[in-house]
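2 protein chains.
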Amino acid sequence: MKDTEVLQSLVDALKCLPGVGPKSALRLAYYLLQRNRKGADTLSQSISNALEQLGHCKLCNDFTEQEVCKICSSQKRDVHTICIVEMPSDLLMMEQTHSYKGMYFVLMGRLSPLDGVGPKEIHLDRLIERIKSSEIREIILATNFTAEGNATAQYIKELLKGAEIKMTRIARGLPMGGEIEYIDSGTLAQAVVERKQL
Amino acid sequence: MKDTEVLQSLVDALKCLPGVGPKSALRLAYYLLQRNRKGADTLSQSISNALEQLGHCKLCNDFTEQEVCKICSSQKRDVHTICIVEMPSDLLMMEQTHSYKGMYFVLMGRLSPLDGVGPKEIHLDRLIERIKSSEIREIILATNFTAEGNATAQYIKELLKGAEIKMTRIARGLPMGGEIEYIDSGTLAQAVVERKQL
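Line order of the protein sequences matches chains L and P.
Numbering-wise, the first sequence is residues 1 to 198 according to UniProt numbering.
Numbering-wise, the second sequence is residues 1 to 198 according to UniProt numbering.
The shape of chain L in the complex, shown without the other chains (with noise of 0.2 angstroms):
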């Protein structure tokens, strides 16, 4: 009915953004081109700028415009811990905690044998290669505790036996102001048989 193949290429592209379906992605068409033109203009720059200049660091994995990232690179971090995570929004939580000084490495995934995701497509050769590269003494398995990512730290682990190197897994349990009535039963299960005595 609209003749403007522009305007109609513009809502096609925007449904591309993951939750953005037909009628949002025109509502956010016309939002940019009637209200916000300068935030339209900036949005167009940025996601070119990203495309062409964010690579991976060579040593973590992570998003970063230079070789090595800022963390990778940093002189005050622990260079024995690596801390394996499946996603950089993952890394970013860690980092918010302030309680974590080591080093990172970012899968970009978790295995999915379903979705085509093997140990090539998370990187695990490179994992490997930098884990026996450095003098790393504890692994720390930070993927999440869904089946996929549990099942990642399970192959990591298996990847590693034999090796000299402390592996853990990071803590399940109950959430900080978590009430038992509410929990769901597995993680109270996790949490009974993980016990910690006082």
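Hints are not guaranteed to be accurate.
Since the list gives no way to pick out one identical chain from another, each pair is judged satisfied if it fits inside one copy or across any two copies.
Said to hold, decoys possible - With a straight-line cut-off of 30 angstroms between C-alpha atoms, the simulated DSS-like cross-links for lysine-lysine are:
#, residue 1, residue 2
1, Lys161, Lys23
2, Lys70, Lys15
3, Lys23, Lys132
4, Lys38, Lys196
5, Lys38, Lys58
6, Lys38, Lys23
7, Lys15, Lys76
8, Lys23, Lys58
9, Lys196, Lys132
Derived from the structure by calculation, the hints contain no laboratory data.
Place chain P on chain L using the hints.
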């Protein structure tokens, strides 16, 4: 904590979208960079194309890349009726009813003095000129039934007082499938006042 300024500016730019806060902006940025680089590229180009090429139709004020849009240049439309809507999305909704075959005028807003939107901002001068320069016999006021939409309709009505043109407002009442039990009392009162003889 993160070093990459390029990533940060992408996140900031994504925050310009309505309903996108810092957390979802980060999620969107990672999504574009990791899982949909092609979509991201298309998005960036589509935005910049749209900003460059899309202008307003000389007649109806809707977005178009031509000087006069498809509807305004169509030979099949009734040029004696003009429907005034607030936004391009309202025009689209009208078109989807397939029940209206006249022309349009898109205000690109509604009167809202508190937000600094006066008669000039919603192009009323162009609307008046358009109506005067063509043989309009009926003006359908299809602004929203909000306070601002009603005020806009009222203002346009006053503005065209004295002109020998039929002026109508789209009907208020219960929606299709509407149940009296669940309708708000304002709508119901209006439906009673504007009752039609059978």
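### Query
Between copies, within a copy, both or neither: which fits lysine 23 and lysine 58 at Cα up to 30 angstroms?
The answer is between: 26 angstroms across copies meets 30 angstroms, while 41 angstroms in one copy does not.
### Query
Between copies, within a copy, both or neither: which fits lysine 38 and lysine 58 at Cα up to 30 angstroms?
between (35 angstroms within a copy, 23 angstroms between copies)
### Query
Checking lysine 15 and lysine 76: alpha-carbon separation at most 30 angstroms within a copy, between copies, both or neither?
neither (43 angstroms within a copy, 32 angstroms between copies)
### Message
Treating 30 angstroms as the Cα threshold, decide for lysine 23 and lysine 132: within, between, both or neither.
### Response
Neither: 51 angstroms inside a chain and 35 angstroms across chains, both beyond 30 angstroms.
### Homomeric proximity label, lysine 196 with lysine 132: Cα distance no greater than 30 angstroms
neither (33 angstroms within a copy, 84 angstroms between copies)
### Query
How would you classify lysine 38 and lysine 196 at a CA-CA limit of 30 angstroms: within, between, both, or neither?
neither (56 angstroms within a copy, 49 angstroms between copies)
### Message
If the cut is 30 angstroms between Cα atoms, do lysine 70 and lysine 15 qualify within a copy, between copies, both or neither?
### Response
between (34 angstroms within a copy, 24 angstroms between copies)
### Query
Given identical chains, is lysine 161 near lysine 23, meaning Cα to Cα at most 30 angstroms, within a copy, between copies, both, or neither?
Neither. Shortest intra-copy (52 angstroms) and inter-copy (37 angstroms) distances fail the 30 angstroms Cα cut-off.
### Message
My question is about lysine 38 and lysine 23: at a cut-off of 30 angstroms on alpha-carbon distance, are they close within one copy, between copies, both, or neither?
### Response
both (23 angstroms within a copy, 22 angstroms between copies)
Violated hints, in rising order: 1, 3, 4, 7 and 9; the structure is consistent with all others.
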